[in-house]
Amino acid sequence: MNRRQKKQKAAHITATIYTVLLMIFIYVPVAVMIVYSFNNSRVNMVWSGFTTKYYAMLFQDSELWGIFGITLLVALLATALGVIIGTLGAVGLKDAKFPGSKFISESIYFPIVIPEIVLAVALLLLFDATGMKLGFGTIVIGNTTLILPYVYITVRARLVGMDPSIEEASLDLGADRFYTFIHITLPAIVPGVLSGAFMSFSLVLDELIVTSFLTSAEITTLPIRVYSMVKKGVSPEINALTTIIFAVCMAGVLVYLIRDQIQMRKIRKEREAEAKWPA
Amino acid sequence: MKKKDMQPKPKARRDKKTAKARLASIVMNGPITIWSILFIIVPVIILAVMSFMSKGPLGIVVYKPTLENYRNIFSSMYFNVIKESLIIAFWTTVLTILIGYPFAAIMAKMKAKTSSLFMILLMIPMWVSGLVIIYSFVILFNQSGILNTILMKIGLISKPLNMLYNHFSVTVGMLYMFMPFSVLPMYSSIEKLDPALIEASKDLGAGPVRTFFKVQLPLTAPGIFAAVLLTFIPCIGYYMVTDMLGGGTNMMIGNLIYRQFTISRNWPFGAALAMVLAIVILLMVWIYKKVGGNLDDLG
Chain A
1 MNRRQKKQKA AHITATIYTV LLMIFIYVPV AVMIVYSFNN SRVNMVWSGF
51 TTKYYAMLFQ DSELWGIFGI TLLVALLATA LGVIIGTLGA VGLKDAKFPG
101 SKFISESIYF PIVIPEIVLA VALLLLFDAT GMKLGFGTIV IGNTTLILPY
151 VYITVRARLV GMDPSIEEAS LDLGADRFYT FIHITLPAIV PGVLSGAFMS
201 FSLVLDELIV TSFLTSAEIT TLPIRVYSMV KKGVSPEINA LTTIIFAVCM
251 AGVLVYLIRD QIQMRKIRKE REAEAKWPA
Chain B
1 MKKKDMQPKP KARRDKKTAK ARLASIVMNG PITIWSILFI IVPVIILAVM
51 SFMSKGPLGI VVYKPTLENY RNIFSSMYFN VIKESLIIAF WTTVLTILIG
101 YPFAAIMAKM KAKTSSLFMI LLMIPMWVSG LVIIYSFVIL FNQSGILNTI
151 LMKIGLISKP LNMLYNHFSV TVGMLYMFMP FSVLPMYSSI EKLDPALIEA
201 SKDLGAGPVR TFFKVQLPLT APGIFAAVLL TFIPCIGYYM VTDMLGGGTN
251 MMIGNLIYRQ FTISRNWPFG AALAMVLAIV ILLMVWIYKK VGGNLDDLG
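Residue numbers (my numbering), protein chains in the order written: chain A, 1 to 279; chain B, 1 to 299.
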């Protein structure tokens with residue numbers, strides 16, 4: 001082994017150790033969260049025996065499921081609104097020339113360049129000034145505003161990479177703007193729309209600041225419930241719920257990986273077959 | 001579009017076309033324009049106006065312009081909170097970059113499949129629920145917690161360490177919360193870097209340290225700056241981590257603002273605090289744009 005190879009090997013080992021350490025930092029708290037979902041104690045601070053009763057309780061806790069339902073509904077509505085408005089806007093504003101269009105497209109970035117709490121406060125003041133009652137509607141509006149720039153940015157990134165002559169060709173050949181949008185633009189930007197939607201959905205599920213400023217006492221989302229519990233100590237029930245969500249996410253990743261592996265194997269086999277019997 | 005306009009066309013058909021084009025433009029631009037005026041621009045104007053109002057008895061807002069709120073911010077008690085927030089946000093950002101950059105560089109050398117797997121692994125905990133997982137640090141760090149127990153068992157310490165409810169626990173929590181998202185812009189800037197430039201520097205006799213500081217670091221600076229903003233902006237306004245891991249002693253600007261709208265019911269002062277926060281951040285973003293940063297990288 002010469003010096004260069006030795007150096008490369010050392011670098012590889014260092015990289016591996018670094019990765020492992022970082023994953024430990026990320027996953028030790030996750031492991032603690034999972035283990036303490038089996039903790040036999042109401043206030044989840046110290047370990048006091050194994051139990052699965054919190055999982056059983058979780059499935060009977062209609063209040064918590066109600067909260068979970070509201071959280072999902074808010075996330076779905078805000079994502080749908082954000083995706084529709086953001087996608088249309090990204091396509092439209094790309095070559096819009098109406099007065100103030102530049103200002104509008106700059107202002108869309110505002111929710112991500114300022115801390116969330118500023119947006120939350122500003123919206124609270126708006127709803128207060130207009131006499132709008134805080135509750136489900138205001139939460140959806142707040143979350144939609146928060147995710148709008150994410151959709152806008154991911155869609156715009158796809159548009160920038162797109163050849164404008166394709167759209168122009170469609171228009172030149174007599175298709176109108178709607179037809180062109182549905183048949184030419186939309187298929188090209190679908191990956192951007194999807195990743196924007198996915199990002200938005202997961203963001204809203206875990207959103208706390210905007211929601212807690214804009215909600216009423218009657219409407220609670222999961223993050224707000226968790227946060228209010230924190231002061232008294234998180235109940236193992238919340239851990240159980242988070243563990244289940246975590247397991248579902250991990251299963252999703254696993255399925256994706258396995259499917260990928262199978263596809264790769266298929267491609268490799270096909271290639272080998274082609275190599276044996278050249279067509 | 002331009003080319004088409006130049007072609008002569010029957011007048012009636014062109015009119016129909018422009019009407020249709022106008023309708024399309026309204027359908028596409030209308031919703032986002034209305035939304036951003038109603039829910040971004042107008043609220044921010046109201047916030048700015050509110051920050052100059054005065055507070056009446058029982059938390060009622062009195063519409064009498066004053067500079068009192070801004071003067072109050074610079075009084076010692078509140079100024080300390082701002083200083084404290086800046087310190088915590090600063091250390092979180094520094095640690096995020098120092099820990100995240102090497103990992104971004106490691107990922108950039110991996111196969112595309114492996115690196116995207118690690119990216120997912122890095123982000124899943126945050127996607128699932130950052131808050132619940134952050135609470136694990138209370139279990140890990142408290143006096144009779146897991147970490148203290150282990151350290152005492154192996155005899156490294158004789159009495160439990162104070163790890164919870166101080167700067168340390170808050171910074172670790174913040175780091176956990178915001179590092180995963182900051183790795184992404186650094187990763188993409190390192191990945192875009194042409195390896196030939198690194199090779200060239202090495203061939204020309206520069207050592208690895210010099211190559212890193214003179215070639216790689218300047219070329220990946222936009223990614224680092226994006227990561228700085230991605231950590232600093234949410235960190236400084238985020239009050240949950242300090243509530244959970246700071247034990248009420250460490251306050252961030254976020255906690256202070258939240259308090260004005262709940263317990264203290266001093267909306268004008270809360271608005272002034274939010275304005276100061278927004279202005280400081282916008283100044284940073286402006287610098288970021290000036291040095292060639294792209295706002296799209298912050299998404």
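Hints should not be assumed to be uniformly reliable.
[As the list claims (entries may be wrong)] The calculated lysine-lysine pairs, modelled on DSS-like cross-linking and capped at a C-alpha distance of 30 Å, are:
no.	chain 1	residue 1	chain 2	residue 2
1	B	109	A	102
2	A	269	B	55
3	A	133	B	111
4	A	6	B	55
5	B	214	B	111
6	A	7	B	192
7	B	20	A	94
8	B	202	A	6
9	A	269	B	111
10	B	214	A	94
11	B	192	A	9
12	A	7	B	289
13	B	55	B	113
14	A	266	B	109
15	A	6	B	214
These are computed hints drawn from the structure, not numbers from a lab.
Each hint tested on the structure:
1. B:109 to A:102: violated (39 Å)
2. A:269 to B:55: Not OK: residue 269 of chain A and residue 55 of chain B at ~75 Å, beyond 30 Å, violated.
3. A:133 to B:111: violated (52 Å)
4. A:6 to B:55: violated (70 Å)
5. B:214 to B:111: holds (26 Å)
6. A:7 to B:192: This hinted pair holds, its Cα atoms lying about 24 Å apart.
7. B:20 to A:94: holds (18 Å)
8. B:202 to A:6: holds (18 Å)
9. A:269 to B:111: holds (21 Å)
10. B:214 to A:94: violated (37 Å)
11. B:192 to A:9: Roughly 24 Å between the alpha carbons, so the hint for residue 192 of chain B and residue 9 of chain A holds.
12. A:7 to B:289: violated (39 Å)
13. B:55 to B:113: violated (57 Å)
14. A:266 to B:109: holds (26 Å)
15. A:6 to B:214: holds (25 Å)
Checked against the numbered hints given earlier, this structure breaks hints 1, 2, 3, 4, 10, 12, 13; the rest are met.
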